[in-house]
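With chain S's structure known, arrange chain Z on it following the hints.
So the sequence lines, in the order shown, correspond to chains S and Z. Counting with this note's numbering, you get residues 1 to 127 for the letters of the first sequence. Counting with this note's numbering, you get residues 1 to 423 for the letters of the second sequence.
Treat the hints with caution; some may be incorrect.
Said to hold, decoys possible - Okay, derived cross-link-like pairs now, DSSO-like style, lysine-lysine, Cα gap no bigger than 27 Å in a straight line:
{"no.": "1", "chain 1": "S", "residue 1": "Lys-3", "chain 2": "Z", "residue 2": "Lys-172"}
{"no.": "2", "chain 1": "S", "residue 1": "Lys-3", "chain 2": "S", "residue 2": "Lys-93"}
{"no.": "3", "chain 1": "S", "residue 1": "Lys-74", "chain 2": "S", "residue 2": "Lys-27"}
{"no.": "4", "chain 1": "S", "residue 1": "Lys-74", "chain 2": "S", "residue 2": "Lys-93"}
{"no.": "5", "chain 1": "S", "residue 1": "Lys-93", "chain 2": "S", "residue 2": "Lys-27"}
{"no.": "6", "chain 1": "S", "residue 1": "Lys-93", "chain 2": "Z", "residue 2": "Lys-172"}
{"no.": "7", "chain 1": "S", "residue 1": "Lys-3", "chain 2": "Z", "residue 2": "Lys-164"}
{"no.": "8", "chain 1": "S", "residue 1": "Lys-3", "chain 2": "S", "residue 2": "Lys-27"}
Calculated from the structure, these hints are not laboratory results.
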Amino acid sequence: MSKYLLLLYAGEVDAAEQAEREAEMPKWVQYTQDLIEAGVFQGSDRLYPAESATTVRVRNDETELVDGPFAITKEFLGGYYLLDCPDLNNALKWAARAPIARYGSVEVRPVIDLGAAFASDPAAARA
Amino acid sequence: MTRGQRAEPDAPRAALERAFRDERAAVLATLIRHVGDFQLAEDAVADAFAAAVATWPRDGVPSNPGAWITTTARHRAIDRLRRVRSLADRTDRLAELARLNSQEHASEEEESMVADDRLRLIFTCCHPALAMPARVALTLRTLGGLTTTEVARAFVVSEPTMGKRIVRAKAKIADAHIPYRIPPDHELGERLQAVLQVVYLIFNEGYSATGGERLARGELCSEAIRLGRLLATLMPDDAEILGLLAMMLLHDSRRGARVDGDGHYVAFDDQDRSQWDQGRIREGQRLLERAMRLRHPGSYQVQAAITALHLEAPLASDTDWDQIAELYSALAHISPSPIIDVNRAVAVAFARGPQAGLELLAPLLDDARLDHYQPLHAAHAELLRRNADLPGAARAYARAIELSANAVERDELERRLRALPVF
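So that you can see chain S by itself, here it is in the shape it has in the complex (with noise of 0.2 Å):
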């Protein structure tokens, strides 16, 4: 089993738009619920909207903040599943089948499973 995080992105949109997504809400949950029932599920949030984000760097010491997100796009990152698959092949199906994935993307990213990594070897774990 391998661990995916899955960044759900989506353009911004008008109150009108914004009404038929609300709406999808039944979806989402029984998404979820798909998801935890073939237990993959291992957590989920959601984001408020990429104005109220606030981006750090650390140069030469000095801390600088930027009010917004760390690149501007046309889609922003609104949320996020992690997921235990088989696979890569089982985690790209359940992106598919996220409800954002009709109108905003979905990225997989596989993740790096240091633990595991370590457990199953003795001698790093030593290291």
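Coordinates of chain Z only, in the frame set by chain S:
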């Protein structure tokens, strides 16, 4: 391991080349399954061939070179695996390799797994999560056994760029856990389409060479045909594999006749038909017949049928253009694309006159998305010329020349433009 006779001095080299050509992909495919890591398996196989280079000339060629390479590669994989700590299931992998080493003969289960390893490798290299250029490069590198330099040269990119592309693809397979297996039945159709697309793209790149100076990069065509044959051996009942292989062989039969002694493009109608490779044509025809008997039509079979009709006419003027136009209609139905529409218009022009063809081109020329589509303008120019609209033909030739990326094609279009009667 028994050693063969130390015969003529070239024997080890010939045996090595044969082993590299015929056995490398299969050995690699099995080792990837055993060690669970693309790069490590590839390095171990490279080690094994390096060992063969060092020892075969001295000790003689082993009686079963393939088995020798397999065993040596496995030993080298164990050595390498012991040194890599980051692999999660390293201990299990080492145990499995040790077990395989201790066995005199492979179990029946293992033997049937080995038979499918090259398919696993093909489906992994052509996985849809990899970008198309990465799939093509990885397929040529691992299954075709082309070096990174050769792949880079064939696709007219620099060697470091191609090297990075291949390394990145292998890293993604490992990091994202792209599974090493043949897709289940319900996914097989779609996934096989992706594989055939890669093979076709390799062939096409060799055949039409979108960049660079040479019209045909023969080695890419040969590699694509080799991959097609491999697929046809591994999945003998798939009609589209046979259709694609038939189409490639039929096109490739004209390789020698497409360019003259000076490297100039020779138009289809002007080609010396005696130079066409009749053996390839016959093989293509037989494969197409076999495909059609499976009664599972598809776009590659239709394209092969069109190519066969072109090649079967004793003279260019004997070509059955009506039937070719019909087949293009069928093809447009299966997989709509502008190139099919352009080709259909050209076929109709031959069957019923240039005016009928121009009528079919009109909606394509109105489509702003096809404004930069070179084949459309080249076909437009030809049909206008034959319809005696010389100023129109000159304009269309100029546009097609402007859009040509291939020097040989561009020369030919310029020649045709100059050959227009003065208006």
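We went through each hint and held it up to the structure:
1. S:Lys-3 <-> Z:Lys-172: Roughly 14 Å between the alpha carbons, so the hint for S:Lys-3 and Z:Lys-172 holds.
2. S:Lys-3 <-> S:Lys-93: 14 Å, holds
3. S:Lys-74 <-> S:Lys-27: 24 Å, holds
4. S:Lys-74 <-> S:Lys-93: Judged against 27 Å, a Cα distance of about 25 Å means the pair holds.
5. S:Lys-93 <-> S:Lys-27: Within the cut-off at roughly 16 Å; holds.
6. S:Lys-93 <-> Z:Lys-172: 18 Å, holds
7. S:Lys-3 <-> Z:Lys-164: 26 Å, holds
8. S:Lys-3 <-> S:Lys-27: At roughly 23 Å apart (the allowed maximum being 27 Å), S:Lys-27 and S:Lys-3 satisfy the hint.
Checked against the numbered hints above, the structure breaks none of them.
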